[in-house]
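**Q** Letter by letter, the chains look like this.
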Amino acid sequence: MSEQFSRRDFLKLAGVGAATTAVLTGCGPASRYVKREPYMEMPEYTYNGQSTYYATTCRECAAGCGLVVRTYQGRAIKTEGNASHPLNLGKTCARGQATLQGLYNPDRVQEPSTGDWDAAIQVVADALKNNQPGEIAFLMGMAPDHLFDLVSDLAGATGMNAPVRFGALGMFEARATLSKAAENLFGEAALPYFDVGGAQVVLSFGANFLETWLSPVSYTRGFAGLREAQTKQRGTLVQFEARMSATAGKADEWVPLRPGTESLVALAIGRLAAEMRGGVMPRAFSGVDVLDAASKSGVKVETLQHIAEMFANSAGALAIPGGAALGQSNGLEVAEAVLALNALADNFGKPGGVYLSALAPNQAEYHRPASAKEMQEFVQRMTRGDFKVLFIHGVNPVFELPKSIDFKSALSGVGQVISFATFPDETAAEADHVFPDHHGLESWGYQRVVTGTAQPVLSGAQPVVSPFYNTRATADVLIAAAQLAGGRFAQALPFKDEVEFLQSKVALLMGEADGSFVAPEILTFMAYFQQHGGWWKNSDGRGAPDTASALNRNINGSMAEFAGDGEFFFVPFVSTTLAEAGANKPWLQELPDPTTTVMWNTWLEMNPKTAHELHIENDDVVRVVSEAGAVELPVYLYPAIRPDTVAMPFGQGHTAYGRYAENRGVNPNDLLGQHFNEAGDLAFAGMKVRIEKTGRKQNLSRLESMMGVYGEGMGEEH
Amino acid sequence: MIKRLFDWLKQPLGLIAVGIGFLALFSLAAYGLYTTQQSPEQPIQFPHQTHVAFGIQCLYCHPGASRGPAAGLPSQATCWGCHEQIQKTYNPDSELRFLLAAVQNNEPLQWVPVAMVPDFVQFNHRAHVAAGRNCEECHGDMSRVIIAENPQVMNMGWCLTCHIDAAGDDQEKLIKLSDCGTCHY
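So the sequence lines, in the order shown, correspond to chains A and B. Per my numbering: the first sequence ends with 718, consecutive numbering throughout. Per my numbering: the second sequence ends with 185, consecutive numbering throughout.
So here's chain B without its partners, still in its complex pose (with noise of 0.2 Å):
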């Protein structure tokens, strides 16, 4: 039976079959590895370029960047601080009515991550940004985008790049931020 097959498979068209399978699955793949990268949808379109353009500061929503290892996001109530006292807010087609809602509700609006490293990689925002490290380095420019965005391939080698280009001529820098023990802890 699998003689047969095999037979069959050396045939033209049985070679166009394997063919067409294995761009069946090199497609599946690709498109695998597309979805990945890619924007997930959120609860709100968050407008991030709108919110910059009012000038308001990263670390006004996420201040633990400056503190400690992530920089987490805003409490309901930091978003209502502001929004309570804009018309828009109550304007029952706009994309605010998510928020509207979540706080009338007293429920927790679900964020969906964009910006992930596995858990083997111990990343903490703090130091990057007492390196002197601007967010928009690595997260992109955000006046520009609608819901964040990752703009980086973020893997190993992209973080090495970066931290040898940091150290320069020093070597001892060099040591440091190339150790393995750095990220991985």
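In isolation and in its complexed conformation, chain A is listed as follows (with noise of 0.2 Å):
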């Protein structure tokens, strides 16, 4: 036996045995390792054995989806869209379904930092009292909810500062810019919203609408509807970019043009369409050069002829303003040249066109968050020392706004800190006091629905189950605070916590027409409220823009201005599934980027020709220079990118935020300086970069194989 042993067999024999042991060892339920906590007193609604639903609201972005969430034996087992929410339909994204994960977060911040509650309510208490009205500062996240009102409420009464709600999102989607276009051409600053379920050809400037754009389960469903229910015809979409994103790959067809020449091609389209309409060409695009628009941003004329005879002919014609197309120097140019683009087709008002959002129930005009200069402003009043006490709540600045507006070195001109975070992100960490809210699917509360659907919804939210930790509601905190503070304090906040605060503005509701229930009393309404995920009114409560001006303008076509004196231009997109929050949830860093299926990274997207020119191969660490920093990160070799254009996701880089974020990847806010467009929004796709090699490599995690990508794994480089 021993002449036929061969090492080989060995090595079999040992790799068996080694198999079996795993196999036999790991084949136990691995749940007998999870243990099983039941109730102390079973709820009188919840059945043994038998799961228990809670409608509440998704917390993961502004957009305000009802969620419906399974609960078992008082913990919660699984997110879903809630089914009757008018704005998402029973749908969520990815970010929705991962909710979960931030509850059951191992790095929550788990006790306010005094250790005890009742020293944490004498901190803000003390806050409140010893400090100016003036000198005290509330900076939000950008969900219009409960907490904003309350805020708002309490600093009416005391002369406070009133509270700034900002977020990156809000930064990158170019949410000022939008709205002072529409109050230019509209004479309102609304939130227009753009019905793509009812269109036939819809033309999207920079619009990521499928990805994070304003609302994106509920644009992704209008996505739907124009490709087939709502018109019983298979709609088209047109999508202008630089760089291919997710919802550019949807598209019929993708236009990578120049960045900073959006204004130019959208009014050499309008002209083009105006002139196969017949009739007088409206002043709007009276003055663009059709020829000259072509050559300076890269698309033949023939593209544009096709995509402006489609444009015209079509019955429901629509165009988006949106993203970077709108973060440049000449942003609300772009978005003035796109929404006259609409006025062309006369969409306002109608199916398939252009409305003003609907205001949500208890909303008497739209209030958008802040603008990145406003941010800048009010980091410069931080830094002046005109700031006692900053309570910060729901957003996390010091990762969201540019470094070189740098929120972090203002906070030491802030007297006190206060941090309401539940994780201990980069803006807690540089905070005086963390008092933690509990999470979103442990909160009271509600949210108003900015866009997305024809109804006014106002959505609720009631926790799902009980809190883990020793965390409470900061409306809890600052009711009991003012309470304790006393005087104009205590008059502006006379309520027992926050569930009667909530109460307190839902009853407002009980008299309103058209509702989506009606009850007799406010315990009544406020159960139905909870059952249904909170209150809309049946009735399409869209305003028609007026048009009259729209045509009229005057715009002048014209370039963005670039910073820097580097060769290529700068695309920051937001990652669909990370973004500002995500980052620090498994699953979502598990889930690959939909156009380059890269994971748990910060990559930079560059022509495979560019690359080959540089001599840079995929994985190669690069280092990308701008005016306001630098930053190394591997490059990833993308075709479906003009040559003169790098890209980079924002989603990763933080430097706290718990185990799964930290120190992975790198933040493009890092490589923006502070520029911004005539609205005040960041203009953030305004920048240019320098590309310097390192010499090291990094290998990016990735689903697709390597193998067959522009000939790699397959013997010969490039």
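Don't take each hint at face value.
To be verified - List time: in silico DMTMM-like cross-link candidates among lysine to aspartate or glutamate, alpha-carbon distance up to 20 Å: (1) 35/A to 119/B; (2) 78/A to 119/B; (3) 35/A to 107/B; (4) 12/A to 7/B; (5) 688/A to 632/A; (6) 250/A to 593/A; (7) 35/A to 149/B; (8) 609/A to 692/A; (9) 176/B to 165/B; (10) 688/A to 670/A; (11) 12/A to 37/A; (12) 3/B to 118/A; (13) 496/A to 9/A; (14) 697/A to 620/A; (15) 688/A to 627/A; (16) 10/B to 9/A; (17) 688/A to 565/A; (18) 408/A to 430/A; (19) 35/A to 41/B; (20) 697/A to 617/A; (21) 693/A to 613/A; (22) 350/A to 565/A; (23) 91/A to 80/A; (24) 129/A to 153/A.
If you're looking for bench data, these hints aren't it; they were derived computationally from the structure. Just so we're clear, the structure is a prediction, and the values are computed from it rather than from any experiment.
With the hints in hand, could you dock these two chains into one complex?
**A** Okay, structure coming up:
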């Protein structure tokens, strides 16, 4: 036997032995190591062994989708969309699905930094009482929710600074530019609503509405309508942008124009379409030279002509401005030029056209989040020492604002910084105190739906599980602190707790007509509010913009100005899955980017042709230098980007925020300078960068196979 | 180096070493398998037999079995409903001190699951109760055990055997009960 016992046999035997051991020991039910905790007291509506479902609102972004969360014996098990909710009709995005990983995240802030809540409330009460009202500021997340109302009431009654809302999504969506353009054209600073579902031809200038833009779940539903359902005919999407986003990947046509020429292209298409229609040339398009626009933008005249033809001949033509197209020095002009196309198509207030978004039932007017310019001014006030106390909730500006605005240093100009963060994020790390709020699935509340549905919606939130840790609702902390501070503060918030405050606000809806339900008194009304996941009107609450002036405006087609002396246009885009706050959830880290399939990292998208000229290969680490800073990251050769452009996703590069997010990838915000457009939005797509080789390599983890991509792994280098 | 090792392994002493190594691996595997089949340690060594002897029905504590997929665990309030009136509960030496402490501290007891199927198997108690199966057919005679045990090796063969038996000569039923999608969906 010993003669036949080869090395190979030995290895086989050893392998089989090891595998057997592993399999047999691993066969035991892994769940056995998960302990089961029964209820202490079974809630009366719960049956033993059966799940209980709660309707609430997703807090992962500011869109305000309705969720139904399945719980079992007091634990949240699964989130799904609320099928009755007018905004998302039962759907969610990946971030909504992953919200459970925020709830169970091991890195949550588990107790107030003071140790116990009595001391914490005393700290807040002292901060309110011992400072002049004008020296107290609130910085909040983008969602217009009940806490924003509570703080607004408090500020209004005591003379404190009105709360400021900010979020990186709002900055990258250029919301301020969109609403400013609406104000210029329609006379109302509202947020336009684009009825993609009812349209036939959609021209999108930089709006990545299938990914993160405004209300991605609702717009994705609209896109499904465009493709088949609503018009019985397959609609067409044309996407204009320098790199192919996932939205452009779904489009029928992707037009990679030169960054900064969006307004020229929009005006040229408008002019050509107007010519085809005949009649008087509208003033908005009269100033543009089509040949000049074509040569500057790098889009062929034939392409412009055929798109204009499609646009002019369609009964349901729609044009959408958004994202990087507006985040440039001439962003406002781009938004106006694109909205003027809609005026040409005469689609204002018609199915498949442009509306003004429905206001939520308890909302008097659209209140947009702060633009980057306003945040810059806020930071300047912080630096000057205008604020003795700064409260921060629901936003992480150290990470979300460009590094050049330097929120972090400005914090040292503030006497006392109190953070209500759920996670130990970059901003909380700089705060004097962290008084953790509950996770969204442990919280009460409501949130206004700003856009994405025809109906006015107030989305309701309720705890689906008991809080896991020693956290407390920020509204409760503020109410208790105001009572303790006494005087005007106590008068402003005369409530027992957060729920009583919510009731006082929701009660106002009881008298409103045309609601999704009615109830004779507040307790029943609140019960329905929780059961349904909010209250909405059954009628269409959208407004029709006034088209009179839209075509008669003088729009000068100009090219954007770029900052910096690099040779590449720099396009930061928001990661579909990670965005401003998703990086601490492994499910989202593990989810491949829809276009590149890269996971767990940041990459620089570069055209293979450019890379070849620079002798850069896949996974080579390069240094990207802008006028504001530099970062190092690996290159991903991406054929669907212009050779003169590089792009980088926003979502990674955290220096805090828990074990899954920390020290992973880089933040494109580090490269952004302080340049703003006329509406005050950051010209984040108006930077030029330089690329330097470092000689290092870092393999990107990706789902796609490298084999066969540009000849890689097939024995030939190019 | 490796060549010398293999030369040595071919010697009688080396073969014995290989044999010992193999036996060690095998024992480890056997032990691993054995441990997966043992009843786990529980916070209270809950005497099922005593409760059965008092005539308490399975469904009194696990009513989920007749209503849905999971039988569920009784809330501590269910335990306490009887036990607060029983003298023995307050005996500091009995196992019940854990229940007493849990109720007093308002902390749930942490039970360890005994009968588990993997996540890719959808087991619904309700259908089985509705088909007239008794709890003990799968879970064993609880009047004989302290901690719940798992008398069956719960694998697919065991499930299928029962399903096929239950179908008998009824072809339609057989197709339904042996369809993959019955349990894997």
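**Q** If a hint holds in the structure, say so; if it does not, say that too.
**A** Now for the hints, and whether the structure bears them out:
For the hint linking residue 35/A to residue 119/B, the alpha-carbon distance of about 16 Å falls within 20 Å, and the restraint holds. Between residue 78/A and residue 119/B the CA atoms are separated by roughly 14 Å; this keeps the pair inside 20 Å, and the hint holds. For the proposed pair residue 35/A and residue 107/B, the alpha carbon gap of about 14 Å is at most 20 Å, so the pair holds. Distance check on the hinted pair: residue 12/A and residue 7/B sit about 17 Å apart at the alpha-carbon level, within 20 Å; holds.
Of the pairs offered as hints, the one joining residue 688/A and residue 632/A holds, with about 16 Å between alpha carbons and a cut-off of 20 Å not exceeded. Note on residue 250/A and residue 593/A: the hinted pairing holds, with a Cα-Cα distance of about 14 Å set against a maximum of 20 Å. Taking the CA atoms of residue 35/A and residue 149/B, the gap is near 17 Å; set against the 20 Å cutoff, the hint holds. Between residue 609/A and residue 692/A the alpha-carbon distance is near 16 Å, which keeps this suggested pair within the 20 Å criterion.
Distance check on the hinted pair: residue 176/B and residue 165/B sit about 13 Å apart at the alpha-carbon level, within 20 Å; holds. For a cut-off of 20 Å, the pair hint linking residue 688/A to residue 670/A stands: about 13 Å separates their Cα positions. Between residue 12/A and residue 37/A the CA atoms are separated by roughly 44 Å; this puts the pair beyond 20 Å, and the hint is violated. Under the criterion of a C-alpha separation no larger than 20 Å, the hint pairing residue 3/B with residue 118/A is inconsistent with the structure, at around 72 Å.
At roughly 76 Å between alpha-carbon atoms, residue 496/A and residue 9/A are farther apart than 20 Å, so this suggested pair is violated. For the hint pairing residue 697/A with residue 620/A, the CA-to-CA distance comes to about 4 Å; that is within 20 Å, so the pair holds. For a cut-off of 20 Å, the pair hint linking residue 688/A to residue 627/A stands: about 8 Å separates their Cα positions. Straight-line distance between C-alpha atoms of residue 10/B and residue 9/A comes to about 12 Å, which keeps the hinted pair within the 20 Å bound.
With a CA separation close to 6 Å, the supplied pair residue 688/A and residue 565/A stays within the 20 Å bound. The suggested pairing of residue 408/A with residue 430/A holds, with an alpha-carbon distance near 7 Å, which does not exceed 20 Å. Between the alpha carbons of residue 35/A and residue 41/B the distance comes to roughly 11 Å, so the proposed pair stays at or under 20 Å and holds. Distance restraint check for residue 697/A and residue 617/A: the Cα-Cα separation of roughly 9 Å lies within the 20 Å cut-off, and the hinted pair is therefore satisfied.
A threshold of 20 Å between alpha carbons decides the hint, and for residue 693/A with residue 613/A the separation of about 12 Å falls inside it, so the pair holds. Pair hint residue 350/A plus residue 565/A does not hold up; C-alpha atoms about 45 Å apart against a cutoff of 20 Å. Taking the CA atoms of residue 91/A and residue 80/A, the gap is near 7 Å; set against the 20 Å cutoff, the hint holds. Only pairs whose Cα atoms come within 20 Å are accepted, and residue 129/A paired with residue 153/A is accepted, the gap being roughly 17 Å.
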